[in-house]
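Asks: Single-letter residue listing:
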Amino acid sequence: MTEETILDIKDLTVDYDTQGLFRRLVQRVRVLENFNLQIHRGETLSVVGESGCGKTTLANSVARFKQPTAGQVYFEGRNILTMDRATFRQTRSEMQMVFQNPYNSLNPRMAVLDLVSEPLVTHEKMPRIELKNRVEELLVEVGLSAVQMDSYPHNLSGGQAQRVALARALALNPKLLLLDEPTSALDVSVQAQIINLFQNLQKKFGLTYMYISHDLGVVQHISDRIAVLYLGEIVELATRDKIFQSPQHPYTQALFSSIPVLDPDSNQERIVLEGNVPSPSDPPSGCRFHPRCPYVLDVCSVEKPAIHSVEEGHWATCHLLDKE
Amino acid sequence: MSNETIIQIEDLHIEFPAPQGVVHAVGGINLEIKKGQIYGIVGESGCGKTVTGKAILQLVPPPGKIRGGQILFYGEDLVQKSEKEMQKLRGRKIAMVFQDPAAALNPLFTIGDQLMGIMIHHEIAEGDDLQYRAVEIMEDLGLPRPKDLLNVYPHQLSGGMQQRVMIAMALSAKPDLIIADEPTSALDVTIQSQLLDLLDRLRNERGITIILITHDLGVVSEICDELSTFYRGRIVEQGSVREIFQHTKHPYTKGLLGAVPNPQYLGQELKVIPGSVPINLEPIQGCCFASRCEYVMDGCRQSDPPFVALNEDHLTACYLYEEGISKGD
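Protein chains in written order, with the working numbering: chain A, 1 to 324; chain B, 325 to 653.
So that you can see chain A by itself, here it is in the shape it has in the complex:
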């Protein structure tokens, strides 16, 4: 695999403002701060973390659904945050998103044919006669058939609906797909079908995935690299095998140890973390994980840990790594 960067997120800061009467600013919650991440062409990079850690905000900012406060997002070398609308429209066709719940993301009043042809009409002005063929082609690609063209989302099962959402995303031949919890609303047996589909499509079209999920089993299965997020910060980043075999950050260790194992005789010790993820509106001082960390040191509450490179392509932010 080439190490060419397709998406480069630099110093991204995203705030959510709570507004009171007459748009008076009541509170500013900083969800991401000086966030950096590079995604290589053709890889699956997973972003994992618990709810409220900023995973979805990250995807929304990259897709420009949410305007960041500061920072740059380079897609194939061009900063998409400073593009004008017309130029960004062009770029967005190369960068598509698939959401968690297909019944929410698909318009219930549109038939599958219209749903899948919509991007072709608005972006490519494809003539009507060609449309039907192209839609059928796309449906076959995602494991459906022309039979479903006249169905409405409520006629479809969850798995079929998610396939339609995927066909829509593929319609414009994108290079990058932002997948935000795309299987968490599905049953296990259907989830497996969709995951296999993602992997086959990636091989066939050379797609790049940014995969956002809290399901670590799925993440381990499909990722090339994994970024672990805690309260808006990456605490560890490495290739899949490195991060599962030798997780360095205490949060990563606890997170991975809590994956239920399919073996009743397994004596894997679960590291049970105390307490909950703190609110991003009032993040802890120093290392953001220190109130829940089983190995907390004095320095942790005072000083933010630096980025430690464990080896090439594997780094973590933790004071425990200072000593070595």
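I should point out that these hints are in silico values taken from the structure, not numbers from a laboratory. Just to be clear, a hint being listed does not mean it is correct.
Okay, derived cross-link-like pairs now, SDA-like style, lysine to any residue, Cα gap no bigger than 25 Å in a straight line [claimed, not checked]: (1) A:K175 to A:E137; (2) B:K578 to A:G206; (3) A:K203 to B:E593; (4) B:K358 to A:P291; (5) B:K595 to A:G143; (6) B:K578 to A:L262; (7) B:K359 to A:G143; (8) B:K471 to A:A86; (9) A:K242 to B:K358; (10) B:K595 to A:P291; (11) B:K471 to A:P291; (12) A:K203 to B:K358; (13) B:K471 to A:K203; (14) A:K304 to A:Q268; (15) A:K125 to A:Q100; (16) A:K175 to B:K358; (17) B:K595 to A:D263; (18) B:K358 to A:E137; (19) B:K471 to A:D263; (20) A:K242 to B:Y589; (21) A:K204 to B:T434; (22) B:K595 to A:Q100; (23) A:K204 to B:K595.
Examples of chain A residues lying across from chain B (beta carbon under 7 Å, computed) [as the list claims (entries may be wrong)]: (24) E50; (25) N155; (26) S157; (27) V188; (28) V218; (29) H221; (30) S285.
Covered stretches of chain B (chain A as the covering partner; in silico rule of three or more C-beta atoms under 8 Å from a C-beta of chain A) [claimed, not checked]: (31) 350-364; (32) 488-501; (33) 512-518; (34) 562-570; (35) 588-596.
Using N, Cα and C, we set each Cβ at its ideal position, and we do this for glycine too.
Position chain B against the provided structure of chain A, taking the given hints into account.
Replies: Leaving out everything else, chain B in the frame of chain A:
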């Protein structure tokens, strides 16, 4: 674990009338739960697991009805009981914990009001004792600052805390049996770990029997003793967790296990059960899994395979197997 049977379900049928016909949500299930067990009910959405849990409490949502069968609780048939008799049992002897605690807690009352309300209703405590008992239960469950919690409203708590409050409420009348319906599905993994530990401790320290309804086989393998796999309102495999995970027999259970990403098989395609769960509008002809089964034979579509005991810890309803022996693997 004792040998006393706490729940025995015999040939239970539950039906829901629908515009297109009758939906057979549960079609003749049998299961037996011993005191002090954590019993897993596993299956995909729409397989009848939640409605079975609700049927034990006689809370099948209308227009659904129990059409036949028995649910014996310490030998007494709950299906025959009047609403009044059931009200005495609910919460007192059998309690339920729901998937979404935010929806199950009343947003207008404080945690203290809701917790103490149950104790007043069941005449467990009164007067000054109430508050003391409420704090004691929450302390036992490891809830931080239980005294302050009494005056807090549900929306002020995180999902994990709300779920622990639900468990505290379920425990407040010291029931013998807790039915937990997907108690961790709405929660993050680190919080799920905390709750699984808590359920395990309740069983070990207080001998409470727990029915755990879940779609997550990993959770079952971690804390359950026995399990039943549900499919389309039937049970297709039943037995001890260790036996079933190590010698999975029914093609559906095999399919479910294969569909979960497993670190042992990294880099391989996930095994897939083709299609999706059909709706039970018509009475099922033959085996309920025949339409999706990769080993399907002619006989499977004609008659329903009976349960065969492969050994004392393992039952399955599949024509691939015969009493005591398995024909193929």
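Asks: Now tell me, hint by hint, if it's right for this structure.
Replies: These are the hints, each one checked on the structure:
| no. | hint | result |
| --- | --- | --- |
| 1 | A:K175 to A:E137 | holds, 18 Å |
| 2 | B:K578 to A:G206 | violated, 32 Å |
| 3 | A:K203 to B:E593 | holds, 13 Å |
| 4 | B:K358 to A:P291 | violated, 41 Å |
| 5 | B:K595 to A:G143 | holds, 16 Å |
| 6 | B:K578 to A:L262 | holds, 12 Å |
| 7 | B:K359 to A:G143 | violated, 47 Å |
| 8 | B:K471 to A:A86 | violated, 58 Å |
| 9 | A:K242 to B:K358 | violated, 44 Å |
| 10 | B:K595 to A:P291 | violated, 41 Å |
| 11 | B:K471 to A:P291 | holds, 22 Å |
| 12 | A:K203 to B:K358 | violated, 50 Å |
| 13 | B:K471 to A:K203 | violated, 57 Å |
| 14 | A:K304 to A:Q268 | violated, 31 Å |
| 15 | A:K125 to A:Q100 | violated, 28 Å |
| 16 | A:K175 to B:K358 | violated, 56 Å |
| 17 | B:K595 to A:D263 | holds, 18 Å |
| 18 | B:K358 to A:E137 | violated, 55 Å |
| 19 | B:K471 to A:D263 | violated, 40 Å |
| 20 | A:K242 to B:Y589 | holds, 17 Å |
| 21 | A:K204 to B:T434 | violated, 56 Å |
| 22 | B:K595 to A:Q100 | holds, 22 Å |
| 23 | A:K204 to B:K595 | holds, 20 Å |
| 24 | E50 | holds, 4 Å |
| 25 | N155 | violated, 12 Å |
| 26 | S157 | holds, 5 Å |
| 27 | V188 | holds, 5 Å |
| 28 | V218 | holds, 5 Å |
| 29 | H221 | holds, 4 Å |
| 30 | S285 | violated, 20 Å |
| 31 | 350-364 | violated (count 0) |
| 32 | 488-501 | violated (count 0) |
| 33 | 512-518 | holds (count 7) |
| 34 | 562-570 | holds (count 4) |
| 35 | 588-596 | holds (count 5) |
Comparing the model with each numbered hint stated earlier shows that hints 2, 4, 7, 8, 9, 10, 12, 13, 14, 15, 16, 18, 19, 21, 25, 30, 31 and 32 do not hold.
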